[in-house]
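Asker: Kindly produce the complete structure, drawing on both the sequences and the hints.
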Amino acid sequence: MKPFVHVRPDSAADAIDAVAADPDAVFLAGGTNLVDHLKLGVATPGTLVDLRGLTSTAVEDLPDGGLRIGAGVRNSDLAGDPRVRRDYPGLAMALLAGASGQLRNQATTGGNLLQRTRCAYFQDVTTPCNKRVPGQGCAARDGWTRYHAILGAAQDAAGLRHCVATHPSDMAVPMVAFDAVVQLAGPDGDRAVPLGEFHRLPGDDPSRDTVLRQGELVTAVDLPPLPVAARSTYRKVRDRASYAFALVSVAAAVAVEDGTITDARVAFGGVAHRPWRATRAEEVLRGAPATEDTYRAAADAELADATPLDTEVGGNAFKVPLLRGTLTTTLRRLAEERP
Amino acid sequence: MTTTDLVPARAMGTPRRRTEGPAKVTGTARYAAEYAVARPLHLHPILATVPRGRVTAIHTTAAEALDGVVAVLTTRDAEALADTADREFAVLQDDEIGFRGQYVAAVLADTSETARHGADLVRVTYDEDPFRARLDPDSGELYAPDSVNPAFATDSVIGDVSSALRDAPVTVDATYRTAMTHNNPMEPHASIVVWEPAGTGGRFTIFDSTQGVSATRRNVATVFGLDPGDVDVISPHVGGGFGSKGNMHANVVLACLAARRVPGRPVTYALTRQQMFSLVGYRTPTVQHVRLGASPDGRLTGLVHDVVEQTSRIKEFAEQTATYSRSVYAAPHRRTTHRLDPLDVPVPSWMRAPGECPGSFAAEVAMDELATACGLDPVELRIRNEPDADPESGKPFSSRHLVECLRRGVERFGWSRRDPTPRARLVDGWWTGTGVAAAAYPANRAPGSGATVRFHAPAAGGEEHWDVEIAAADIGTGARTVLGQIAADALDVDVDTVEVTVGDTAVPAATVAGGSSGTTNWGTAVVDAAQRFREKFGADPSDGDEADGTTPETDAAEHYAMSAFGAHFVEVAVHADTGEIRVPRMLGVFAAGRILNPTTARSQLLGGMTMGLSMALHEDSVMDPRSGHVVNHDLANYHIASCADVGEIDVEWIDEVDPHVNPMGSKGIGEIGIVGAAAAVANAAHHATGVRVRSVPITVDAFLG
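The listed protein sequences correspond, in order, to chains A and B.
Number 555 marks the last residue of the first sequence (our numbering); no jumps.
Number 1380 marks the last residue of the second sequence (our numbering); no jumps.
Keep in mind the hints are simulated off the structure, nothing from the lab.
Note that the structure is a prediction, hence the values are computed from the model and not measured.
In this text, a Cβ means the ideal position worked out from N, Cα and C, and glycines have one as well.
It is possible that part of the hints are untrue.
Derived list of chain A stretches under chain B, where covered just means 3 residues or more per stretch with a C-beta under 8 Å from a C-beta of chain B [said to hold, decoys possible]: (1) 335-344; (2) 395-409.
Partner residues aside, some chain B positions facing chain A, computed with beta carbon under 10 Å [unchecked claim]: (3) THR789; (4) ARG809; (5) GLY1104; (6) GLU1255; (7) ASP1299; (8) THR1374; (9) GLY1380.
Answerer: Structure (structure tokens):
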């Protein structure tokens, strides 16, 4: 691993200045992903700007009834927050479905959003990867794609997909379903970005996971007040029952009145370069009867444009019926629950 | 005929906690890379990034210029080894690349971080040759090895199986596949090596994580042309091996080469998890074609088990996959074969129950299919095919209680309430079902172990105590504890007065912990030493008296077929919408001779079953045939069963004392737990869903319509 300088600035502003001024500098929060990358050679920063003590570790009530989650809030603390458990249970479930107890104690809210894909080829510097080295090619698209995208990895004019990686976060999936907003501080001031627009699709530049600019720091994630979220859930399907990334996951919230779905929020994990807000599925669900046919129609609407990969090493076509089944079972259970 | 005189069991058979347990849980037990040595250097290797070809250049200047880098070893400047007959040990000897991940250079530096950075700076170029890295059952290169591991006949033919199958009223004809898997012990392979030159020779001191210090001593001596006495190997605690630390691997040679470059300075080399996927062995993937012929009442008339598996081109390893089918069920006409596909891949080796583990998957799922075809209960089918004597050799079994295991399991598991109809139980969205499989694993025994027993008279006010010394390996099994129990009974003394030393070449040499033979071999030597001690010194020895023992010759194997047996019962639930698989219950009932220590035995059997569960549902080394490497080479992507994958695991055993295997009445238990476990899961999954899955791991994809 390449030697680096580790600095601990006195304030978030100093940390932002340090990273903004040096393209070779990166922020270090919980380190659960970045430290792996340092060892693997996936990341070779010259300077680590340590955020310990510089970002908020509080979950605060917002005047509008929502919550502001400090970027430094640990995943385990957020999962245990009584307001999250009561008003956004799907978020608590997603957090607890991620990683292991030890990792959740270490990982932060901001860092969770900024973790990078676990694509096996991205993490192996001996194989080509457009995300790691732009223009190098992609070993994954014809390789082992069990954990790779079936949505949003469009082909270019030449029929090539530049990147088929998925975003690995569980936490971000219900957050995107709940219209969370990311608060940023940067060298040019503060801004707020809806989480649904925070992560990018790969397009022809998969090296950029998000819309963050150099030196911009996630300071908080805001959850708007959202009554339907009180009846939300997170369903994660993985190759073993715990401590594994999602093959597919579903965050969903529905409101049902007299057998009719009056509101619905749906997002998918494990299937795209970003946590995938299933707006087409939501459109099908809203106003429709809470029936098996509706759930399937919702899944079909969202999966109409799915582009699974068929490769010699192991494709991911199974993720289409898997996601359909997962969404169906999730909606069915949610609708059957009494509020 | 021989009947071993059995040692009366007093301490043997009673539960005892691991002697070294407190040291392990308090973190004071030292593992190989943890020894405090003066001024250690750290090694980080550079691995070939092509699967076949040759090195054309190695650029080391940048690494050598790095502050803290002491040396860079390459194929261009490594010393010539004395003996490279074993190609796995021919480390840095030439520019030829036999598999991706092979060592081509190594950096020695004063910290592990600097060594790693230095390794990143070494640039290697290659001429690449065409290669093949994925098992192809239709490969034109398939060949029959001279024998299969360790020395079994490659093929076996009895009777006229073709006619038997042609004439059989009921047949099963199916192909089964098991995945490539990696042992992945928790502690990586690791060594600290010091080379002290003396005169024209010198001396190695090696702290190593190994299943056999004596074998490592022999191998290092051979490779470097030394007297075995000039190689000390120390390995008191080992964080798992599962066979991967049974045969020495290239990592020890590399660490020794590096140590000789810096005489007097310790060299530390602990493999990264990723390196373990190309350098320390693995289980071959298998393609197994099984054909069964039976009468309508389920009695086998013909049995064929044809296996295709891989070996590396540079060194042959032939897993004895079909040998399971040679000894378990009666059938007058039978055939087993093994064919190897030579590939440009890392060298396969031992992984828990080599042969029996993958072989039993195919054989025991095929039996389940036969039960369905005959409309018979799968337990009853197995009982109907119980042989009177070993089906191939005709020898009587030294003891065999497979039927008792099955019957006990039926009772304990509630099997008699089972409705045989597949896909008939949907419980809260989950298809549920149950399955059974048998298990067998040979009671191996090998010569080559010695032991010393020494008496210490009580000091004033103290107690007498006994030293028992043998270079056995305790890889987490409880060997040290069990050997103390054996010694106590053989000496007829209180077990608490016995202190056992293992894992050090300073004490009498012993066989490797492998083939479930450790306790048999080492225990026999300990009993021999104890008996000689009593013969020599009687009941009233003096302080310091000692006696040596060995493993006496025995011809029991000429007269008896000796194996442990077992039966697995498993409940499986498969989610109707997602295909997720959970295992609410596993039960293993075993007949494995006298169980010497119920506490540690339960853990070993449970561990074997858990590894079988892991094989059934998770473990899969994904070989990318374009690059020739295992792409999921870390524990995030190579899944091993977690606690949440299973509900209850029950372990039970039949009272059995075998008089022929060894003087303790025991058989090995390290491997029998994994044999058959995956088949039971697959059979239960079929009962649950009606979907017959003939390959492992069984993942959600198998059940998605």
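Asker: With reference to the structure, classify each hint as holding or not holding.
Answerer: Hint-by-hint comparison with the structure:
no.: 1; hint: 335-344; in the structure: holds (count 6)
no.: 2; hint: 395-409; in the structure: violated (count 0)
no.: 3; hint: THR789; in the structure: 8 Å, holds
no.: 4; hint: ARG809; in the structure: 9 Å, holds
no.: 5; hint: GLY1104; in the structure: 7 Å, holds
no.: 6; hint: GLU1255; in the structure: 6 Å, holds
no.: 7; hint: ASP1299; in the structure: 5 Å, holds
no.: 8; hint: THR1374; in the structure: 6 Å, holds
no.: 9; hint: GLY1380; in the structure: 6 Å, holds
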